[in-house]
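Q: Protein chains in written order, with our numbering: chain A, 4 to 243; chain B, 51 to 449.
Just so you know, the hints here were simulated from the structure itself, not pulled from any lab data.
Check the hints yourself; a few may be wrong.
In silico contact screen, one side only, chain B against chain A (beta carbon under 7 Å); selected entries [as the list claims (entries may be wrong)]:
| id | residue |
| --- | --- |
| 1 | SER176 |
| 2 | SER179 |
| 3 | HIS355 |
| 4 | GLY364 |
| 5 | ALA365 |
| 6 | LEU440 |
| 7 | PRO442 |
Note that the structure is predicted; figures quoted are calculated from it, not measured.
All C-beta atoms in this analysis are idealised placements derived from N, C-alpha and C, irrespective of residue type, glycine included.
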Amino acid sequence: MTTVVELNQVTKEYPGGVAALRGVDLHIERGELLAIVGPSGSGKSTLLHIVGTLDRPTAGTVALAGHDVAALSDRRLSALRARHIGFVFQSFHLVAGVSARDNVAEGLLYSGLARAERRRRAATALERVGLGDRMHHRPHELSGGQRQRVAIARAVVGEPDLLLADEPTGALDSASGEAVMQLLHDLNGDGATIAVITHDGGIAGALPRQVRIRDGQVVEDTCTRAPLPAGGEVPCHATD
Amino acid sequence: MPRDRLTPARLGPRDVVHVGSAGLRSRPMRVVLSALGIAIGIATMIAVVGISASSKAQLLQQLDTLGTNMLKVAPGQDMFSGEKAKLPKEAPGMIGRIPGVEDVGAVGDVKPTVRRSEKIPKSDTSGLSVKAASESLLKALRGTVRAGTWLNDANGRYPSVVLGSVAAERLGITVPGQQVLIGKQYFTVIGILDPLPLAPEIERAALVGWQAAGTHLDFDGHPTQIYERSTDTSVESVHKLLARTTDPQNPQNVEISNPSATLQAKAATEGAFDSLLLGLGGVALLVGGVGVANTMIISVLERRHEIGLRRSLGATRGQIRIQFVTESLLLSGLGGLAGVVLGAAATYVFAASGGMPWAIPPWAVGGGFAATLLIGSVAGLYPAVRAARLPPTLALQAG
Ligand SMILES: Nc1ncnc2c1ncn2[C@@H]1O[C@H](COP(=O)(O)OP(=O)(O)OP(=O)(O)O)[C@@H](O)[C@H]1O
Ligand SMILES: [Mg+2]
Chain A
4 MTTVVELNQV TKEYPGGVAA LRGVDLHIER GELLAIVGPS GSGKSTLLHI
54 VGTLDRPTAG TVALAGHDVA ALSDRRLSAL RARHIGFVFQ SFHLVAGVSA
104 RDNVAEGLLY SGLARAERRR RAATALERVG LGDRMHHRPH ELSGGQRQRV
154 AIARAVVGEP DLLLADEPTG ALDSASGEAV MQLLHDLNGD GATIAVITHD
204 GGIAGALPRQ VRIRDGQVVE DTCTRAPLPA GGEVPCHATD
Chain B
51 MPRDRLTPAR LGPRDVVHVG SAGLRSRPMR VVLSALGIAI GIATMIAVVG
101 ISASSKAQLL QQLDTLGTNM LKVAPGQDMF SGEKAKLPKE APGMIGRIPG
151 VEDVGAVGDV KPTVRRSEKI PKSDTSGLSV KAASESLLKA LRGTVRAGTW
201 LNDANGRYPS VVLGSVAAER LGITVPGQQV LIGKQYFTVI GILDPLPLAP
251 EIERAALVGW QAAGTHLDFD GHPTQIYERS TDTSVESVHK LLARTTDPQN
301 PQNVEISNPS ATLQAKAATE GAFDSLLLGL GGVALLVGGV GVANTMIISV
351 LERRHEIGLR RSLGATRGQI RIQFVTESLL LSGLGGLAGV VLGAAATYVF
401 AASGGMPWAI PPWAVGGGFA ATLLIGSVAG LYPAVRAARL PPTLALQAG
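Here chain A stands alone, though its shape is the one from the complex (with noise of 0.2 Å):
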C-alpha cells in the first residue's frame, strides 16, 4: 500500500486574511477514487492546487509521491507535476486549433519524450477515453462531453500518480457528465487513483469515497460500499 497524498494540518491564508483552508488532514491511497465536496466557497479548488502542487500552503507539510513538496524548488515541482499528477479543469483549456491528437500529446511536452513517442502515446489515450475516431477533429468540432474526455487523455496520458479533477461535469449537461464520470470510474478500475472535486451530492455519492469540507475545514470522510464497480475491490481509507 501506498500513500500518494499525504497532507498534515494544512492550512491557507490568502493576501488579505481570508483563511480557505484550516488544519486540513487528508491521505490518499494508491487506487483510490474520492470526492471532494463541499458549498461554494468552502475552499476546495484551494485544496485541489495544493494538493496539485500549484500553490504552497501557509502552515501545515504536504507530501506528493513521497516528495515533501516544502523542500521542491519551483523547477523541482514543476517536475513533480510533469511525472506525478493529472490535472482536469472545468473548463477543458485544450488549445484551439489544434487535433484532439495533438492538445493529447501536449500533457506529455514536458516529460523528456521524443515526439513520435508523445504523438503514439496519445492516439493510444484517446482510443482509451473512447475518442478513437475523433483524433483529427479540433476543438471547436467537439462536443462539451467529447472535450472534456479529451482534456481527460491528456491528463492521463503521461500515467500519473493522482488525477485531479476540479468540477470536471461542471460545464457539461447531464448525460455527458455521466459519460465522463463513468470513464473516471472505468479509469480507476484501471489502477488511476482518481481525486474530483464538486459541489454535487449526488456525483459524489456514486464515488467509493467522500470527503466533505465546509469553511476550509474536513468535516466529514466516509466511505460508500455500494455500487462497486466489477473488477474488484476499490480501497477506501477514509478517516472516520
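Once you've looked at the hints, dock chain B with the ligands against the given chain A.
A: Using the frame of chain A, we list chain B with the ligands on its own:
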C-alpha cells in the same frame, strides 16, 4: 523517500519552435500586422544600402571596361608669358616610344566653330568645339563608332568630320551623310561616336582629320590633348617620364592627369549611402520593435489560461519564458525576412530600371537580421518574464 531527482526534462529545439509558433499560427492576421513595422524598417535599410551599392557596382564595372591605364597630357600655363603653353608637334611620337606605352592619340584645337547651317550665328557654339584628331585617337580612348566610320588616311584628307555623341545630339544629327558647317566650309559627317566617359571633351567635339584640319581650317599642328594608354603595370613609370618626354625644354608647362581618377572618386561617393534615409529606416525599425513588444504583451494577457495549463502540465518558468521569447523572435524574424525580400526587390527594380547590376552587400542582410533578432529578444523579454512569473493558480482561474 523516493529516489527520483525530479529534474525537469529539456525541450528540444524543435519543440521550442513548435511551442513558440503556436500562438502565431492561431492568429495569422495579427502576425502580419505586427511584423509589418519591422519589415518596413529592414526593407528601407536594405534598399538604401542596396541602391548605393548597385550604383557603385555600375561605376566600378564601367571603370573596369574603360580601364585605369590611360593618362591625359595637356598644356599648362606658360610660367613667363602666363599664356597657354603649346605642346611640341612631335610630342605624340616621342610619347609612343616610352617603354610600356601601347597607344597614343592626339587632338588639336582649331579656331572655327561647328554649326548646323549658315542660318545659325557663328557665336552659337552650343558648347561644342572643333578638333583635329589623329587616326590613333579612337584606339587610345578605347572608343567605338555608333554609326558610320572613323577617320582614316583616305577620308582624313577631305572635308569629312566625325561627331562625338553629345556633339551629334546637339547638332541634331542622327545618321552619317548629313553636312555641318565648320568655319566657312561644309563638312560631311562620316561617323558618330559612342559615349566616352573618360573623355567628355571628345564627346562634345567635331573631329576632323589631322591633314584636313591643316588644309581647310588653318590648324597649326600643335596637339592640345594627348591620350596615352600603357600596360597596367607601367602606368606609374610612364607617368614619371611623360612631362619630360612631351616637352624636354619646358616640362613644367605640361599637365598630366588620370581621367579614371575622377570616376573612381565618384564611385567612392556613390558607395556612401544616404544616412538620412538610413536613419528613417532605423526609426521604422524601432517603431516595429515597439509593435512587437505590444503584441507580445497582449498575447501574454490573452493566453493566461494556456500559461496556467502548461504550468500544470509541468512546464518550468524557464520553459514559459523561452516560449514567449521564441514567439517574439519568430515574429520579428518573419518581419526581418519579409523586409530583406522587399528591400532586395526594391533594389532590383531600381537597378533594372537604371541598367545597373543588382548588388546587395551581404553585411547589410546579416546586419538587418542581427538587428531583428536583437529587437525580437528585447521586445519579448519583458512579456516573457511576466508570463513566467504568473502564478499558475491565477492563470487557471476562470474568466
Ligand atoms: N486568490 C485568492 N485570493 C483571495 N482569496 C481567495 C483566492 N482564491 C480563493 N479565495 C477565497 O478562498 C475561499 C475558498 O475558495 P475556493 O476557490 O477554494 O472555493 P471552492 O470551494 O472551490 O468554491 P466553488 O465551488 O465556488 O469553486 C473563498 O472564500 C475565496 O473567496
Ligand atoms: Mg472551485
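Q: Does LEU440 of chain B meet its interface restraint, that is, does its C-beta lie within less than 7 Å of any C-beta in chain A?
A: Violated - the Cβ of LEU440 of chain B stays beyond 7 Å from chain A, reaching only about 12 Å at its closest.
Q: Does HIS355 of chain B pass the interface hint, meaning its C-beta sits closer than 7 Å to a C-beta of chain A?
A: Result: holds, 6 Å to nearest chain A Cβ.
Q: Return the status of the interface hint for ALA365 of chain B: holds when the least beta-carbon distance to chain A is below 7 Å, violated otherwise.
A: Status holds, d = 5 Å.
Q: Verify the interface restraint on SER179 of chain B: the C-beta must sit less than 7 Å from at least one C-beta of chain A.
A: violated, 77 Å
Q: Holds or violated: is there a CB of chain A closer than 7 Å to the CB of SER176 of chain B?
A: violated, 73 Å
Q: Going by Cβ atoms only, is PRO442 of chain B closer than 7 Å to chain A?
A: Holds, because the Cβ-Cβ distance from PRO442 of chain B to chain A comes to roughly 4 Å (cut-off 7 Å).
Q: Hold the hint about GLY364 of chain B up to the distance rule: shortest CB distance to chain A must be less than 7 Å.
A: holds, 2 Å
In the structure shown, a violation is registered for the earlier hints numbered 1, 2 and 6, in ascending order.
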